[in-house]
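Residue numbers (the numbering used here), protein chains in the order written: chain A, 1 to 436; chain B, 437 to 667; chain C, 668 to 837.
To be clear, the hints were calculated from the coordinates, so they are not data collected in a lab. Treat the hints with care, as some may be off.
No farther apart than 27 Å at their CA atoms in a straight line, the calculated lysine-lysine pairs in the BS3-like style are these [as the list claims (entries may be wrong)]:
1. 828/C <-> 690/C
2. 680/C <-> 210/A
3. 314/A <-> 609/B
Computed from a predicted model, the values in this text were never measured in an experiment.
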Amino acid sequence: MVPPTISSQQVREDLWRPLAGASRRYTLILSLLCAVTFWGVLAWGYQIRVGIGVAGIRRPVFWGFYLVDFVFWIGISHAGTLISAILRLTDAGWRKPVTRAAEAITTFALMIGGLFPLIHLGRVWLFYWLFPYPNSRLLWPNFRSPLMWDVVAISTYLTGSLIFLYLPMIPDVAQLAQFAKGWRLRLYKWMALGWSGSDREWHALERAMKLMAGIILAVAVSVHSVVAWDFAMAIAPMWHSTIFAPYFVVGAIFSGLAGLIVALNIIRKTMHLERYLTPHHFGNLAKLLLLMSLFWLYFTFAEHLTVWYGNEPKEMNVFGARVRGHFAPEFWVMVFVNFVVPFILLGIKKLRSITTATIASVGVLLGMWLERYLIIIPTLSLPRLSAAAGKYSPSWVEISITVATFAAMAALYMVFSKLFPIVSLWEFEPHEQEEG
Amino acid sequence: MSEQKHSWGMAIDLDRCTGCQACVAACHAENNLSVSDAQSAAKGRAVHWIRVDRYYEGEFPDVRVKYRPVLCQQCDEAPCEPVCPVYATYHNDEGLNVQVYNRCVGTRYCGNNCPYSVRFFNWFDPVWAEPLQLQHNPDVSIREGGVMEKCTFCIQRISRAKDDARTEGRALKDGDVQTACVQSCPAEAMVFGDLSDPESRVSQMAKSGRATQLLGELGTKPKVFYLERAK
Amino acid sequence: MNLYLTGTFTDKKAAAEAIKQLKADGYTANDLAVFSDEPVEFPRGVLDRSSHMSLAVVLGAIVSFFLVVGFVYYTQHDYRLVTGGMPIFSFWPTGVVFYEITMLGSVLTTTGWFVWESGLLRRNENVPIPPIEPEMICLRVRCAPEQFVSATAILEKAGAKNVAKLEKAA
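Just chain A, same shape as in the assembly (with noise of 0.2 Å):
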């Protein structure tokens, strides 16, 4: 049964609508966000204070919680990339409600996971050495370096990224302007670069738009790629393997789309926007989080068999702490939730529904949370010389910012659907939107 479509005045108001005002609710969990981010930016000052050895990492396991949320949250980056660039590209009309969502997604979580670098850095008061600027001591970065692909990968994937969500919202706020007042007013008159909405103005933006999209995929790919080669380049047992930098992409695309349904819910609950983001939509960020659940499932698997198969000692070593010793309970309760619970719930057409994808993907976040943390810790608590392995407990300056890092996340989030309309005003077409 088709609904009757929805008149652009009743979309003008509901996508605007959050936008007036904050209510108690908001205002209080925001505090509280707030509160738990402060409370890890205190946490990094007092780890830049007395010492990184206020985290629990040690020799041999260098790397630990840090790099951890580094690779996630550069992982979670990726929802737009899948929704924006991939759908854009194939013309899928079901994904504009979508993509703006995806975009600041992508641009919040590369700002955060950008921030990562600098926190597990050892004299991070001196983090600007890796930048090549002219300096009387005639030193320059190593460009050889993955770190330093890092740098430069990150950088224009943010650049690329803040763009590509900028762009769209001009005519929005060009349209926001003409009612609002204040401040609110002046920012997005400025943000709208004077704006007016002709032929001219749309085809240069739609062109923009659709190069933007292949570059960023581009740019996405390779971004993912190389932080996988922080890993890949390093000859540790386990971590020397060909297949990671497609592995890393197919799980970020994976977690980012899990990422933005849990997103997408709480967006469609909190702001009532059940009319926009309907079944439908859900239903094909569901069948898209399957299909990657499978291709996670293929890319493990293959992984692992490889190595089994091999049967080099070394490698043997962390293969058996992953799969049956120290890391076992942490490996298949990753297996559970991106692969088990994703297959039941989504595979299954009678049970996929908002609440189960949304069930899915909470499930499977932490999953690729343990995947990233199954990936480091194993391989470097198990070095080549078995004399000097070493177990890694993460301390509470490193929980701290972790989970400060999810509350920035949401704050941050929370701050940009209150200024602007989450759901594209001019991509949305009101005659259509039912049929999705």
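With chain A fixed as given, assemble chains B and C onto it according to the hints.
The following block gives chains B and C in isolation, referenced to the frame of chain A:
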């Protein structure tokens, strides 16, 4: 006088090594290594530029204990060098893998990529319990927190010996340079010298039929030769 | 002194018809502008605007590539890097950096070209802009005073509402 080109290397005779760890203590004294308390050591924060790895073989009562002193192998194809984003570690022309403390920003990638796990990180600014801070070697800098460090083949002793030789107007002889660990080994299991000099003791030992390299199959080209009887 | 005339359409076919008539009457694409709150797709040939954005982006990417390779090559040599045996400049490991900066160059070129091609920041203050009404397509015609009547007739014949002279907003 033309500068000699050296290629420093070490040979360790595992059939002589008793696992006494005098080398470890000497290295601590010579290189101003931080001293860890029991808690830090339990957390894996202890720093031992040279350590004695102990392996047990066999079942009781036929247990054999094997000792292997492991220190930075000064690899000619060091995996730690390409991955440092700021060139804080590089290969000098005497074959040493040098760590530039002032340049290190503490990404710790080098530590992850070292297959021998010989790199150590300063998690905090080091603190010595009284009166150990009076025992510091003035030739070696104190590393601040956030900086990576490792065995340098006592580069301060190499520099001192080269200076002395230049002052006296002579070339360096085999045996002029002794690293702290080599100097203190009571079993005389360790030998240090110039691998580019075919007459040096270390070159002779490296050519021995008992000479092996640790994890040589990785292609790191280490400069430490372990001599052991093949089973 | 040119005048600006606007007419509002609800249907893009009617707007396309009006544009065809105006063009037959001698107006060029530069005299016409269509304002809307959503992009309006006209059939090919009605109101085409030429664009060199793709070419510009490709050129921007190529220029960025050469710039970054040159930058890396010359700075790595000039700074007398102590690589300890590794080559001063190695193309493949540094290739990632080249790729990323090339893409960054194309991103910035796209953005810059968009701002230029859309005319956003080049706006002439004296040209009036009609207000955008939801779901309406507003056609603005620039004509000479003596053509005002004929242009009005064309617009009304095509079905435009509120055909009037556009005054500059105060």
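Going through the hints against the structure:
At most 27 Å may separate the alpha-carbon atoms for a hinted pair to count; residue 828/C and residue 690/C meet this at roughly 20 Å. Under the criterion of a C-alpha separation no larger than 27 Å, the hint pairing residue 680/C with residue 210/A is consistent with the structure, at around 25 Å. At most 27 Å may separate the alpha-carbon atoms for a hinted pair to count; residue 314/A and residue 609/B exceed this at roughly 41 Å.
This entry does not satisfy hint 3, going by the numbered hints stated previously; all others are met.
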